[in-house]
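Engineer: Each chain, letter by letter, is given below.
Protein chains: 2
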Amino acid sequence: MYRTHTCGELRLEHQGAEVTLAGWVQRKREFGGMTFIDLRDRYGLTQLVFDEKTNPEVTEKMKKLGREFVIQSKGIVLERSNKNKNIPTGDIEIEVLGLQILNASEVPPFTIEDESDGGDDIRMKYRYLDLRRAPVRDTLVLRAKMAHAVRSYLNGLNFIETETPVLIKSTPEGARDFVVPSRMNPGEFYALPQSPQQLKQLLMVAGFDRYYQIVKCFRDEDLRADRQPEFTQIDCEMSFVEQEDILNTFEGLTRYMFKEIKGIEISEFPRMPYSEAMENYGSDKPDIRFEMKIKELTRLAKGKGFPVFDDAEFVGGICAEGCSEYTRKQLDALTEWVKRPQIGAKGMVYLKYNTDGSLKSSVDKFYSPEELKKWADLFGAKPGDLILVLSGAKEQTQKALGELRLEMANQLGLREKSVFQPLWVVDFPLLEWDEETKRYYAMHHPFTAPKPEDISMLETNPGAVRANAYDLVINGVEIGGGSVRIFDKGLQAKMFNMLGFTPEQAEYQFGFLMNAFKFGAPPHAGIAFGFDRLTSMFAGLDSIRDTIAFPKNNSGRDVMMDSPSSIADAQLNELNIKLDLKQ
Amino acid sequence: MYRTHTCGELRLEHQGAEVTLAGWVQRKREFGGMTFIDLRDRYGLTQLVFDEKTNPEVTEKMKKLGREFVIQSKGIVLERSNKNKNIPTGDIEIEVLGLQILNASEVPPFTIEDESDGGDDIRMKYRYLDLRRAPVRDTLVLRAKMAHAVRSYLNGLNFIETETPVLIKSTPEGARDFVVPSRMNPGEFYALPQSPQQLKQLLMVAGFDRYYQIVKCFRDEDLRADRQPEFTQIDCEMSFVEQEDILNTFEGLTRYMFKEIKGIEISEFPRMPYSEAMENYGSDKPDIRFEMKIKELTRLAKGKGFPVFDDAEFVGGICAEGCSEYTRKQLDALTEWVKRPQIGAKGMVYLKYNTDGSLKSSVDKFYSPEELKKWADLFGAKPGDLILVLSGAKEQTQKALGELRLEMANQLGLREKSVFQPLWVVDFPLLEWDEETKRYYAMHHPFTAPKPEDISMLETNPGAVRANAYDLVINGVEIGGGSVRIFDKGLQAKMFNMLGFTPEQAEYQFGFLMNAFKFGAPPHAGIAFGFDRLTSMFAGLDSIRDTIAFPKNNSGRDVMMDSPSSIADAQLNELNIKLDLKQ
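Residue numbers (the working numbering), protein chains in the order written: chain E, 1 to 583; chain S, 1 to 583.
Keep in mind that the hints were calculated from the coordinates and are not lab data.
Warning: the hint list may mix true and false statements.
Pairs involving identical chains hold if they fit within one copy or between any two copies, as the list cannot separate such chains.
Unchecked claim - Below are the DSS-like pairs computed for lysine-lysine, each with C-alpha atoms no more than 30 angstroms apart in a straight line:
no.	residue 1	residue 2
1	K262	K145
2	K451	K64
3	K145	K259
4	K285	K346
All chains should be modelled from the sequences, with the hints used to inform the complete structure.
Structural biologist: Printed below as a string of structure tokens:
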């Protein structure tokens, strides 16, 4: 060992001890013949003191030190005259008797401090330096603790952590696969798993009963903000359970995590049907830290001569408490905001419930004060509130109102990061109709079981069939999702058929699962959590990027390694492929 | 829940309780109007009793049941008249009152019993059925327990479990990489990691101090027996440590594993220099459960007129205790055995120390009884022992003797699977000379540090330079290996140069690591354990295959999934590659 103690360990009780520390030079300050160095390692900072008079040899070496030099230093623990209450080692300092420079450092391209002066690009290129900064490192330490908590909890419930393969079979359903050419099987490819979905179902067929895995998954998508081509799931599956058992088990896990990691007690999670979430929050992942529910105004607003509402399938609004004093400029900005293509509204109507009790709306000329008062009453609005109204096609308008609701909450500071409000969204539709391809797609995936009471509608009204599927939503973010699975081979075949697979295609892609179902598949259900996102939420970050030690950028590049990169022709040749670059 | 209890849970104390169990039909036996079914789940077996007289409706359903049907059954716990002491639930049985068939099963292609009648191929194709067999499932449960023990121990020592990326940069050094074409970066490829070596070193540069990860690694090798294209490592790295610190830490981990998982106390591990291992055991991974050390006879055997020995660089032998009665036929078989190409000896000389004290050798005519007695004395042989002698080039003969030593130990039953004898092999050579390419290769990898006292020989006698590298060997199997790393950019550049890299090549392939070393790299060292192999050893298996839930066969195929497989032209097109199949 190069050290007797870490840089976060020494206290007043060590006074007088001879110790050896090793670490990085964080800061160097001279002060009247004395030099102070903050020595840093993962565990903390300790102040080293060099007295130029007493030890010229050490002083000589000390003068060479710059930021981020790696040193080993022997000395005596002394009580500080000028204590630093901000750090745990602030009561002591080390009078340095011996100094070894273990490694020099060039001047780093950005400062290694909690607040760095480095831009994103340079910090990504020198990620190993960025990781030295406490906020970045702390997130990864948090992540490790969270993984340990997950494992402790699930091991305690008899779950078996089982590794599933990374080189699997490509299945065109879902997002794009990353593929791996097989040298030993020319012309053939493995795929990297988008999730171990079918493998975990096979483990249930195998009688493993309770499975989990913290596992890397891969999706070759065009990377939108906050997506990574490789990401980590907490992947779980259970046999002989019903939906409610899954919800209770993983609500338990989530509560345990909050308690263990954040010290926060969370009571029972509400369960909200998908239809209710859409109606009240315009989202299948509602942020319920605040109310501001969407109310439908269609009946009240139609037939009064305002053509925009008269032509609309749906009119609805939200009530922003205490916003009646919003200025013309603020309201115009909100109107522009909802008209952006991401939101897609045609315009916005407002109704101010002024503090003097009067009502003022942008559509005054179509509605009497009594009519507007009915609007206000519908929201339970008080003087001082502001009602914002959108109209159009139903689902689209609900979603736009959902977005507007979040925006208003941001403006009002209602989305406090230290408050956590989880809920289960349940009863998702089984199928989604796609106008473009004129077919149904599985909303979750093709293995999701319909609600038994809805099965009869599969032929007659497929769009209305609800699934035994559920999402765990916290603060408006989808943290996990899963479903009860189909375990009957007949029903599974029917699902594939509904999704437009010929029996041959279903056999080619899912044959091994269909086959497995012939030999006594148990009822089973499961869930997967986005571990990066959960970590990001626990860390109070806005992005998943800093929850990952070595993330990739939006073009899927690791700018530190400079990867992906070209490979040798000999390698391509061995793999029986060649490049086919477009001009 | 489909059950109130598992099939391994009920005891006499539950007598009289009404319970619901769910599981698979293991066996069905009729016995004078009564039918008995062993119901199986992951947790055990419970006997169900059906009385045909009392419940005709249940009986009707029961008659349909075959092996591997999945059922749910309600009943009363009764004390058995005929107790089964072999299973924990053997004191009770369930009088069945209600029965639900949850899923039927076709007749499985092999019997789901501890000893199956299925051949390897069919069991791999129906792996989900093979995994139902207790010995296979138990190995995976053991593996999960081992992973948990590893994590508990290392978390307790402040190691941070950190995930490193799976999509990294291809580096031609070492084995062949699996590569992944990047759609977003046309013509470029990611590689799957053969190990996270450089990334964990960067985590040390980042100040993570103690890192570990149980991580999938990938090697596109022609699969010899007991290799898998994807395998799992326990990968570890520490900063500010010397070799001895690593040995102590991971000896501690290994001892903890033996104690926790196997209930075996193991004392301190011996440390053996590579040179001593080769000399005494003819192997860098000696099995020290038994002695039978190799002794050199060169000086005694040469110059006595036996041309084979006179021409040999090296003559050596082993002494097999109590084997002097080996017959002519047995000795001939051994001679044939050492002459196989895998061993490569030209022939074998024996010396029997007969129980009557006389000496009998195949080279009697060249050596006097006194001379032969000196051979026997060298081995400390007793009457009844058999000395086997090989000769030739030194290293090759040592290795052949090492193999012969293991074979004799097998014949003598000295390799007891329940006995564990770990040791550290240390002081490996830094470099290996390759006759074919006329260059040195890194014996471990190019980041391994030479012993400081040997650095001066790097220019003058590179082959003699020893590395600060170490292997953990248990029972003749290499379970782990690692090294102290170079952390000085000058020495690292020199190493790349010695290994034939131009500065440009080194920069292209390892630039990010070389760069990182400019900014204060700490001294660091690490180790990686083969987790599949360790599991296989703990499970008492001869192969790693059954330590993996879904393994691949020797052509890298997953025969269950039928992967790898062809992919669509559109997919190839998007990836900017095309097939280039040879005729």
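Engineer: Look at each hint and say if it fits the structure.
Structural biologist: So, going through the hints one by one against the coordinates:
1. K262 with K145: both (11 angstroms within a copy, 27 angstroms between copies)
2. K451 with K64: Intra 72 angstroms, inter 28 angstroms, cutoff 30 angstroms: inter-copy only.
3. K145 with K259: Answer is both: 13 angstroms inside a copy and 25 angstroms across each meet the 30 angstroms cutoff.
4. K285 with K346: Within. Shortest intra-copy distance 24 angstroms satisfies the 30 angstroms Cα cut-off; inter-copy 75 angstroms does not.
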